[in-house]
Amino acid sequence: MVNGYAGKYLDVNLKDNSISTLPIDMDLAKKMVGGLTYSLHILWQRTKPRINPLSPENLLIFSTGPISGLVGAARGTVVFKSPITELIGHSECGGHWTSELKFAGYDGIIFTGKAENPVYLYVKDDQVEIRNAKNLWGKTTSQTEQSIMEDLNDPYVQVISIGPAGEHLCGEACIIQSTFHAFARAGGGCVMGSKNLKAIAIRGTNSFPSVADTEKTYELLYNTATYAKSDVIRSAIWGSTTFGSPSSQVRSADIGRGIFKNFEEGDHPAITQIGSPTQMRRNRVWDSSCTFCPVACQHQSIVRSGRFVGTYCQADWDSSANITQECLMLDPDGLVYLNAICDEYGIDAEGVGGVMAWAMECYEKGILTKQDLDGLDLKWGNLEAEAKLLWKIIHREGVGSLLADGFKYFLPKVGKGSEKFAMQIKGIGLGGYQPWLFKERYAVNNIGGHHNIDSPGSYVSDSLLYCIFARGIMPQGFASGVDYYYALFNAVTGWNFRKEDFDAFGLRGTLLGRAYNIREGYGGVMPPCEADVYPEKAHHALTYGAGKGKEYTKEAFLADRAQYYSLLGCDQKGIPTKETLRKSGLEFTIDELEKAGAWR
Amino acid sequence: MSDVESRMRMPFPPSGQWKYLNQINEKCTGCRLCEFACVKYHYGNILNPELSRVRVHLLHPGPMAIPIQCSACNDHPCTAACPVKPQVITYDEKKFIIKVDKERCLGHKCGRCAEVCTKQRSGAIHFHPPEHDYAIVCDQCDGAGPTGEPDPQCAKICPFNVFFYSSPVGGENWRYAWPAEKIAQELAERFKPGTAKKKISLLPSEL
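Here the protein sequences line up with chains S and U, keeping their order. Mapping of the first sequence onto numbering that gives the first Met the number 0: position 420 corresponds to residue 419, and the numbering continues sequentially without gaps. Mapping of the second sequence onto numbering that gives the first Met the number 0: position 108 corresponds to residue 107, and the numbering continues sequentially without gaps.
If you're looking for bench data, these hints aren't it; they were derived computationally from the structure. Honestly, I wouldn't trust all of these hints.
As the list claims (entries may be wrong) - Straight line, CA to CA, 25 Å or less: simulated SDA-like cross-link-like pairs of lysine to any residue:
(1) U:Lys197 - S:Asn134
(2) S:Lys215 - U:Leu50
(3) U:Lys39 - S:Asn222
(4) S:Lys123 - U:Asp132
(5) S:Lys228 - U:Asn47
(6) S:Lys7 - U:Glu130
(7) S:Lys228 - U:Pro178
(8) U:Lys18 - U:Asp132
(9) U:Lys197 - S:Asp150
(10) U:Lys118 - S:Asn152
(11) S:Lys228 - U:Phe163
(12) S:Lys228 - U:Asp132
(13) U:Lys26 - S:Asn134
Same shape as in the complex, but just chain U (with noise of 0.2 Å):
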């Protein structure tokens, strides 16, 4: 089974009964508030973009900026591939949100769930040691609610309302846990026919 193919038989539960980080990447700008706002959420008065849990790439042909953070997926393969136990990283059936303990964290050395979501999903998960050696996942900001609920901060901050935290509305989206590369590759397909390869389809020299 391909990945393309895993992600399509991914279960979702039934509309409504979750919420999830869902997000239209062909209104990012690339202007990186949400990783501003994260790391204020998590870390206080620092700014350190390694630490954002939503990274936005900024990919060829462009260039095109793609936010990734954790798509919190319904199968979690990052769960089950931690050596820990019990496992450090978990997922919240309640809240559909990953968990990850950052005490018993083994780090970038083990860094299993990181290797397992870069090959099969989105590639959200990476470390930053020393001092932050542990898996940094999106918890889509679990507990910043009114009533202790996920709410995240990147969807508060962002100008061009690229996030949005809400349930499936009419069916889920479709680029849900893809790498950046591929997303950049296939919007480039959609909005800038035969430019994946030349930046410049002809040259003066062959006027």
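With the rest of the complex left out, here is chain S (with noise of 0.2 Å):
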């Protein structure tokens, strides 16, 4: 209970129903901080190389950072080894559970082994339970979570939970928190199936861990939360209180990163119909914040007629940016509509949304067929079709049960040269911006071609855990929203970290993800250079309106990347030096690396 951090994981052995904790090792943590690189290091300490992703020895890591909970760091991250990429998975996910388990007393949850029949997790405080989840398989995320709250009969209880993709080890599943959270991309759901875990339920009545500095903390809490009513953060903060991240429909399209018809184009005539000033007049209620949360960045969208009227989600920029543009599906109804499928039934509408477009245009140039397809006509922006193939995916039917293992495995089966327009790197589809405005940073990241690209600056947020799209708030007379969070840190923490000390501990992280990479084969293609590319699609010229012109050439890609290799402290195949890993002091990883055969 010291510094932030609550000072234990809870360590739950599903095999044997066992529980125990973990305790904090504070020199560690002052090297890893929490969060992502905390639990991805004792994912490299507990599991031997090379584990097959779904058996019972992966481990299934929810956790904090030490400011996880506090004003405008409601996040917290899950860390595994990715079904779909059999590299480092992991995913960060806001709501009010951080906060909860903190209060709860635990810094995080590590799962391992495979439960015999399903489970969830009830932590209430010290009192921890593995309970029977068998009237709860196969109900979706949000009737899980109500089910839950009723039997516990607590209004305040937060649950994560996963949906029948999950329990149907879908690749693209994902973990649902509060029903419209999401631990999407890489297939966390999908390994929380795999152990037979349908969901956790958290309740905490502690107080949040003593800090360093009392005074300072709760008077850089105050001030942010009080100074966020101020006209100039309101302004600053404008975009995500009003329209929320969907405001990037239009937003993309403006300056040519929209990804319409499986990144063929940027821009689109017809965007406005589905961007963010008509989605909101039509389709939201009203918005959403996670725990101490002054920005409300998530608005709840509804149907009011038509043949789905009542359905209703949390509609996100990066859901819903691969289910309609790639896709070519512009009806906002529909935007509605699928969201809330892949919310209930758990699915990442980011990953799948490219499964399907890639499916389009397979059907479109003849690769896939009507008959292939299960006799879904799977024109561009067929709503219907779309939401039958998503429902098909979601249930392992047919050919969803193909396209559910994830572009790796089902790219060289059907192969005709459809893994060139496959839009995915490392077996994770892209996430909903223009190569040519994330450059290398898609193709070199550790857990694939996801949309949080900055590497070594994504590893300090990701392990602070503090959300970038609460970055406009901060006390009065501060610069930037991120000199709160670093302020923040060192008043819970104490130990004074200057900028200098973020960007190493940022290039430790990214290093770390990149050694367990290169531990676990890389996916099956070494050396890393070969697998941090882009799919021969991504390099095409963009031809029409504010995309015209723009093109991100293989040369250029290849200068790049270069260059961050060499930023990284890399060589030119990818593979950190022995002196880079010594100077970020991750000594313990030159001997593993070498069995692996990294240097050879």
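Build the complex from these two chains, which are given one at a time in their own frames, with help from the hints.
Below, the structure written as structure tokens:
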């Protein structure tokens, strides 16, 4: 209970139902901070190289950082070996669970083993139970949550659960918190399903762990919260509070970074019919916040008329870009409808949207016929066919069973040149941004083509666990939100990290991620530079509207990537040198990397 | 007389004579900064929503965020339920607030005020044993104002202006002293037609 850490991780073995605690190593915490990097270190230490991601040996680590649960930092992370990339998989999610976990007195929960029957974990302060979840199996995420809340008769309990997609071991399955928040990408839900773990219910009634400088911490928190009411901050976060991240639908097309028709074009004439001002007037109900966050960037949307009337979801740019723009489905009610299915059935809309867009292009090119697709007329923008394909993938029916495995596994089976336009990197479909915008960062990302791209920087935010959407908030007199987070981190931990320290830490995290991937064989493609590449289609020139002339050529990419490798201290094959690892304090990785043949 | 009718018949003082903490439920996003400010005002530099006088319920369908705090009902049934003489939980006729004598309160083992509040009103009284085993009830931050009057901190901090501390303007809030579940149900019917039962109205398999 010091420096913002609750002081222990819960260690749950589902095989023999044993529950213990793992104390936080404060020396290690000073090096690895928490959240993503600390959990990654646990994953490195406690798993053997090259395990099967769906085997009981794989870990599923939910964890928080020292400042998570405080104002503007309601995020937590889950770390595991990904079943769709066979590399590191991690995902960050907001909501109310991080603060609840800290109030319960834990920094994180480590799951290992596989339960014989479906179970869920109930944590209430010191009372930790593995409970039978037979009656929950098959239920959707919101039904599961509602059912647990009713069983426990507690309106404050926070539930993290998987839906039918996770139960069917669908590669793109995600983990849903509080109905709308998702640990998406990389297949966390699939790993959770493979452990027969349906849900986690968390309830904490203690105080937030003690911090190094109490006065300063609470002053910072209070000033940030009250200053968020001022015109200065309100105007700075106006975009988020008014339109939320769906505003990117129009903004993306305005600068030609949209992903229409499987990344064919960056702009589209009909974008305004789905973009945020329209969507806001047509579908929005009200806004929703994470714990202690004055931004409220999430907007709940409902279909008010037509055949989907009453369906509601919390549409977000990253979840809706791929199922709408990429599949050329520009119906705002369809956006809400598909998003709601993804949330309810626990599948990553971003990942599965990419798969469906690829299938549509295959259909157009005749690589997949109507017969292959179980009679679906998968034309661009056909909402009905798209919804039915999504349903098949979730339940692994017919062609859905093939597509549910993820790009890495079905591309070789389909073949016929379809891999050239499969917009994925290392098995993960690209997010809602054109390659010309993200440049080499998409390709070199440790977990694949994720939209969370700025590698060393994102390791800092994902380990401290502050929210990049709340970067606009700060106390009066601060230059930026990130400065506020750094000041808060120092007040909470008392470690006085300077900017250089954060940079060095971010680099350490990135290198540890890369070292882990190399130890795991880099998804079967070694050296890393063979895997850190875009598919062929990513290098084509855009031709329409704001995107006209935008292009990210292969030559430019290779030059950028070489520069990035040297920035990280890697050789041109993408492997960190021993000297780099030593300099970053990662000596412990060298032996195992040697065994994996990294420098051979 | 049903609960709803009993609320409807609650006698209100003439407008302008009293102030109360009103709220617009539709605006609440569930950020719970009110809980943060409440605990900070009453207990100093600690963070524990369990001690907050205002609790935000996150309810289905939604989640919908419904902040619940003591409405300081004019007929205050909680005070009559108190078995201690003189009463531990009292109503201040001048400031229109509920006050609790922490020292003499019997705590969660008695819990009669909370019971009657849950049964008849919003259920805004709770206990946090063992350390804080007394009725935790909103006192509208009595003494926080410049001249010692009530000045609710939740209304001050709320980034979305959900709360306002004022005299009733244009009639009283008709959701006054309702429990969270009932407000959620009512909001769902008004804003999300048909969703109280089902989140997805038509499954792809039915298309």
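Verification of the supplied hints:
1. U:Lys197 - S:Asn134: holds, 19 Å
2. S:Lys215 - U:Leu50: holds, 21 Å
3. U:Lys39 - S:Asn222: It holds: about 12 Å lies between the C-alpha atoms, which stays within 25 Å.
4. S:Lys123 - U:Asp132: holds, 19 Å
5. S:Lys228 - U:Asn47: holds, 23 Å
6. S:Lys7 - U:Glu130: Holds. Lys7 (chain S) to Glu130 (chain U) sits at ~23 Å (cutoff 25 Å).
7. S:Lys228 - U:Pro178: Violated. Lys228 (chain S) to Pro178 (chain U) sits at ~28 Å, over the 25 Å cutoff.
8. U:Lys18 - U:Asp132: Distance ~29 Å between Lys18 (chain U) and Asp132 (chain U) Cα, so the pair is violated.
9. U:Lys197 - S:Asp150: Holds - the C-alpha atoms of Asp150 (chain S) and Lys197 (chain U) are around 19 Å apart, at most 25 Å.
10. U:Lys118 - S:Asn152: Distance of about 16 Å is within 25 Å: holds.
11. S:Lys228 - U:Phe163: The given pair, whose Cα atoms are some 15 Å apart, holds under the 25 Å limit.
12. S:Lys228 - U:Asp132: With a Cα-Cα distance of about 34 Å, the restraint between Lys228 (chain S) and Asp132 (chain U) is violated, given a limit of 25 Å.
13. U:Lys26 - S:Asn134: Given pair Lys26 (chain U), Asn134 (chain S) is violated - Cα atoms ~36 Å apart, limit 25 Å.
Of the hints listed earlier, those the structure fails to meet are numbers 7, 8, 12, 13, in rising order.
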